[in-house]
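Using the hints, position chain B against chain A.
Listed in order, the protein sequences are those of chains A and B.
With the working numbering as the guide, the letters of the first sequence map in order to residues 1 to 616.
With the working numbering as the guide, the letters of the second sequence map in order to residues 1 to 339.
The hints are simulated quantities; they were obtained by calculation from the structure and are not laboratory data.
It should be emphasised that the depicted structure is a prediction, and the values quoted were computed from it without experimental measurement.
It is possible that some hints are incorrect.
Under the rule of at most 27 Å between Cα atoms (straight-line distance), these lysine-lysine pairs were calculated in the DSS-like manner [said to hold, decoys possible]:
hint: 1; chain 1: B; residue 1: Lys183; chain 2: B; residue 2: Lys274
hint: 2; chain 1: B; residue 1: Lys183; chain 2: A; residue 2: Lys194
hint: 3; chain 1: B; residue 1: Lys235; chain 2: B; residue 2: Lys183
hint: 4; chain 1: B; residue 1: Lys321; chain 2: A; residue 2: Lys283
hint: 5; chain 1: B; residue 1: Lys323; chain 2: A; residue 2: Lys194
Next come the chains, spelled out residue by residue.
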Amino acid sequence: MATTTHSKPLVELEAATVRFCGDSGDGMQLAGTQLTNTSALAGNDIATFPDFPAEIRAPRGTKAGVSGFQIRFASTEIFTPGDQVDALVAMNPAALTTNLVDLVPGGILIVNKDAFDEKGMAQAGYKTNPLEDGSLDGYQLFPVEMTRLTRLAVEGLGLGQKESDRCRNFYAMGLTFWLYDRSLEPTQRYIEEKFGKMPAVAEANRRALTAGYNYGETTDAMASQFSVQKAELKPGLYRNITGNQAVAWGLVTASQRSGCELFYGSYPITPASDILHELVRHKNFGVRTFQAEDEIAAVTSAIGAAFGGGMGVTASSGPGIALKTEAIGLAVMTELPLLIINVQRGGPSTGLPTKTEQADLLQALFGRNGECPVPVVAARSPADCFDATIEAWRIATRHMTPVFLLTDGYIANGAEPWRVPDVDSLPQFIVKHPQGTENGDVFHPYARDEKLARPWALPGTPGLMHRIGGLEKQDITGNVNYEAANHEHMVNLRARKVALVANDIPPQEVDGAKSGKLLVISWGGTYGACATAVKEVHAAGGSVGHAHLRYLNPFPSNLGDIIRRFDRVLIPELNRGQLRMVIRAEFLVDAVGLNKIQGKPFAVREVTEKIEAMLK
Amino acid sequence: MSTETALPVLTPGDFASDQEVRWCPGCGDYSILAQMKKVLPTLGIAPEKTVFVSGIGCSSRFPYYMNTYGIHSIHGRAPAVASGLKVSRPDLSVWVITGDGDALSIGGNHLMHAIRRNLNLNIILFNNRIYGLTKGQYSPTSVLGQVTKSTPNGVIDNPLHPLSVAIGCEATFVARSIDVNIKHLSAMLKRAAEHVGTSFVEVYQNCNVFNDGAFEYATGRDTKADSTLELEHGKPLIFGKNRDKGIRLNGMQPEVVELGKGISEDDLLFHDEKATEPTLAYLLSRMSQPDFPEPIGVFRAIDAPRYEERLADQIAAAQKKGKGDLQTLFNSGETWTVE
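Chain A extracted, bound-state conformation (with noise of 0.2 Å):
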């Protein structure tokens, strides 16, 4: 709720974007869940980009522990969390050298003006101090004494200066709540039942939002506050969720309209540990959580739970998946349904943990030893998480298969709203074992039905038994064999059975135009960046059309089809062009590149770019 009484005019807009910025240990990432949560409940479109460095305390001040947080809000359909901010908090001077960049020329600049003493500068590398030597002159600078501020409001509470200067994050975020015309009323609530057993604490916290906020309303500093009013979304009830939460609740969903009882093994690594946070906290679904002695046992308990029947199921990121490697070579060869999740990060080795990119396609596709097929499924967004996991468990089922499912730190840690839907309109397939024969018929584990799916047939069952292993297989009986003829047989039928799945898949979509000069392949996270940049250049009249992937094996059986219908294919991707290897192998088509490899995800200026320079 908006306030009723407004001190300053009020000024609209359609859209916003602001980024709290500070030390690891200033709680820029809760400043930045905070709004994020008022602005959905606001009824706003939200996008969230959270940043952190991978140390979980670098020496205070300095530019390697600065960690920061971005959210966009807007009243119109938004998919990106936008390429430059409006408003820029910053706790130091380390954060403010650091994160100045981005923020839009006349933006405004809001610093806590204590932290710039002679130290914090010098950690910053400021010779002069930014605040009074001129050189933020391009912006709407703010420099507010938040140390002292923040001191005074919980004064007499009791708590050190240590304590009162935990509070500071809660001044920010008053003052930015004050700028935007945001409710308090959410983040008191949340502090009531974070803080509420410490009840000074939660009073100093109270207050020292209280006081930001009054600073803003009160202050002849700032001229105006702004508001986004509420967006046009689809009616429904929403909620707002991270990629991590989608993932774990879309696997809990999975288990529930499959039959199939969750295990989940998994081995603690960054950025796939909140999926296991959050799944420990659905017990009461019958949900198994296993954290293994390491990523190879986390990836073989779930084969383990596999072949009893559950839904096994293993996260990790791109060291831990190569780890899982030889183990999920053996799910092929046993052709038991399994789902691997991998949260990409910046690699090679462990790379950028904290930093999102593409690189792990190729190792999803191909990074086994042998003709080693798996499905690969994956999302494009946060709430997407969801869908996307229920539907590679899907084809994990059917088609008796391990599958892939990527996702990548942004869309992981990001945030967005999810319509919350109705239980019953989600997809159900609960899967049938095979019961013992009676007639005392010999059974074939490696029997196939239509989609050339084995019998998934479950220890217990009398007359069934059979024994699986990663040795080559006899085609029918499954028994141990090393003959040349069978050898080739089975390799050719476990591709084909990978095969079989583009005929259970819906057919490619394109967004934009339907043919014409160029013709955007995406995938994964990168969609909000592609599909907002192709959006505006088609809705300025070029000749553009979106083809966003969410199969990348098997690809949907019309994309040959529709990439023949333009004349060139741009693919943007956060790796060195690993797509665009596998498009060019299979169409032929001299597909081109718009590659980053920065650990950020596309701004979609950096897409709109590319497109119009080549529809020139």
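Frame of chain A; chain B shown alone:
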């Protein structure tokens, strides 16, 4: 009226698969397979409720020869595969068949964690002190100085004692037997099956191709009585052809003593497999040739909670407040309505 359906009387043949057994003629694995088939019908567990899980190595072919459910998985990972299976299907009787290389080298980590979780698994380690399937390289249990294909100048790694490792991992059941000592072996397999929790059994197994005679001291007619010692709960540690030797504690060190000459049975160390602390079991696991007879039998058998039961308890506790409902989950927490 009884509602129980009587189990059909099972025989070893009911547990034999139709696959040709392909170990080398004379391999110790044949004996272990035969004893397993003898023991399983006595357990009252149907073949379809039994699962054998293995890794890679000669011993790991075992599941193919059993008419039960089975997974021949990948090198070293059998304990992890079995853990996932047991956690999601506590109703099944799950056996892990592994070797010294599979369990202690490439799969050491999984073995360690399966044991500490105390899942109700039966882990049988066929110890032949050599890599057989890859044709004769030394293993983590090969003895110092052993000449193998990969150690022409002798092994320089200190060997692991499998039972010491298991005890260090908080094992609740630890036993040792010998492939050709068939009565003892079947008794140990039965005890392992009956123990609720992770049972770890080391079986001395002769690889007659790449490490023939490695356990000659423990199996030879003339040597076995003096070089092995059969453990019995509550009984003194006595061994020798004439049962005239025993183990006595000297401070914290065991020593071999001769009975008579002023030393009676009461002076000897008495075995207690139920000791809460694993100290005695560990001490026994360290006794090795040529200084000591090597104990066979049950070293340790204590009752402790199982991982799968604790997890099931947590799930039951969560469900006490009501089973999960998807729509309730979706609608929970902060939401808003767009008209």
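Subject >> Structure versus earlier hints - violations, ascending order >> reply: The structure conflicts with hint 2 only, although it agrees with all the remaining ones.
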